[in-house]
Amino acid sequence: MTTYGRGLRGLSLATIVLISVALALVFFYAPLDADQGFVQKIFYVHVPLAIVSLCGFVVGGLLAIGYLRTGDRKWDMRSYVAIHMSLIFAVGGLITGSIWAKASWGHWWVWNEPTLVSYLIVVLLFATYQPLRFSIEDPERQARYASVFGVVAAAFVPLNFIAVRLAQGFVHPRVLTLGGGQLPGPMRLTFFVSLIAIALLFATLWKYELAAKNTRMQVRRLRRTLLGDDSVRPLGRSAAPS
Amino acid sequence: MSALIAAAPALPLHSAGKYVAAAYIVFVALILIYVAIMARRLVRNERELAELRREVLDRPSAAGDPELDAERTPWQASDKEPVL
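Line order of the protein sequences matches chains E and H. So the numbering used here is basically just the index in the first sequence, starting at one, shifted up by 97. Position 28 of the second sequence, counting from 1, maps to 10 under the numbering used here, and the rest follow consecutively.
If you are wondering where the hints come from, they were derived from the structure by calculation, not from laboratory data. Quick caveat: nothing in here was measured; it's all calculated off a predicted structure. Check each hint, because a few of them may be wrong.
What the hints assert, rightly or not - Derived coverage of chain H by chain E (criterion: at least 3 residues anywhere in the stretch with Cβ under 8 Å from a Cβ of chain E; other residues may be distant):
1. 0 to 6
2. 16 to 23
3. 31 to 39
Stated by the list, open to error - Taking beta-carbon pairs under 7 Å as the criterion, some of the chain H residues facing chain E (in silico):
4. F9
5. L12
6. N27
Glycine residues also receive a C-beta, built at the ideal position from the N, C-alpha and C atoms.
Take these sequences, add in the hints, and give me the full structure.
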């Protein structure tokens, strides 16, 4: 039996501590940006949310490979939860990015900016993951089709990233590069602490949701074993693995 | 901590402040909404578990049947909370 709750308390505490440290660094340590001023503080929440959501989509695809290789439903559930969490983080990234765009460019959204549009395309692509699952009633087929979709869509993320990097003429800054980036030391430290904090938050919520789903499935299984199939209320059509 | 605050730059909470506040409020709100939804699911799980436990204990054959006792899981036999 898989116990997803193990280590959750320690992980939760580490997340809370690191988020507090990150917030302290953002508002009391990182210097003000010479160009944008105070509004640049949004960078420390927007960019980690976007990066972690993209990594989460890729992790979801890798976990889906686990299901396709083994046929074990726990991999499907892990993949489902990773993609589900990534979508929530991506929505956060889109909203905070939009707020930042309004503050610094004067527009909520800029359609001729490849970074923004490509990110939106990735998010919309993964937004179809749940409706796809919802449209298939048979649990086995649901898991298999969703896994194939997850793998293909996850492969799209790095391709998209490379395409955007090769694109010319953009407004969106390229702060992080393989050459070390343009961030000064205190800003870089604050950014990486924020990134690790958001990644830990992702891991904590992922485990938390897996533990909740696992508990629910065990309760249903227990009910079925003890009281018979008739005692279990039908789940109905659901996008979540059952 | 006081040394850190003294060394820190002042927070210019003028026009840019509302945008920064809005971005961080969105972040916190997302987490709070998620935790609230998970708390609701937890309550539902607990309710179902309590219901299941009541139904099992109320069964006529629940007491005094050695075969049933043997089939019971340890938490039922010892009347302790299940570890799920």
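The hints, checked one at a time:
1. Counting residues of the region 0 to 6 of chain H whose beta-carbon sits less than 8 Å from any beta-carbon of chain E gives 5, enough to reach three: the coverage restraint holds.
2. With 3 residues having a beta carbon nearer than 8 Å to a beta carbon of chain E, the region 16 to 23 of chain H meets the requirement of three or more and the stated coverage holds.
3. For the region 31 to 39 of chain H, the stated coverage by chain E is satisfied: 4 residues place a CB nearer than 8 Å to a CB of that chain, which reaches the threshold of 3.
4. Against a cut-off of 7 Å between C-beta atoms, the interface hint on H/F9 holds, since the closest Cβ of chain E lies about 5 Å away.
5. Among the interface hints, the one on H/L12 holds; its C-beta lies about 5 Å from the nearest C-beta in chain E, closer than the 7 Å criterion.
6. Taking 7 Å as the C-beta cut-off, the interface hint given for H/N27 holds, the closest approach to chain E being about 5 Å.
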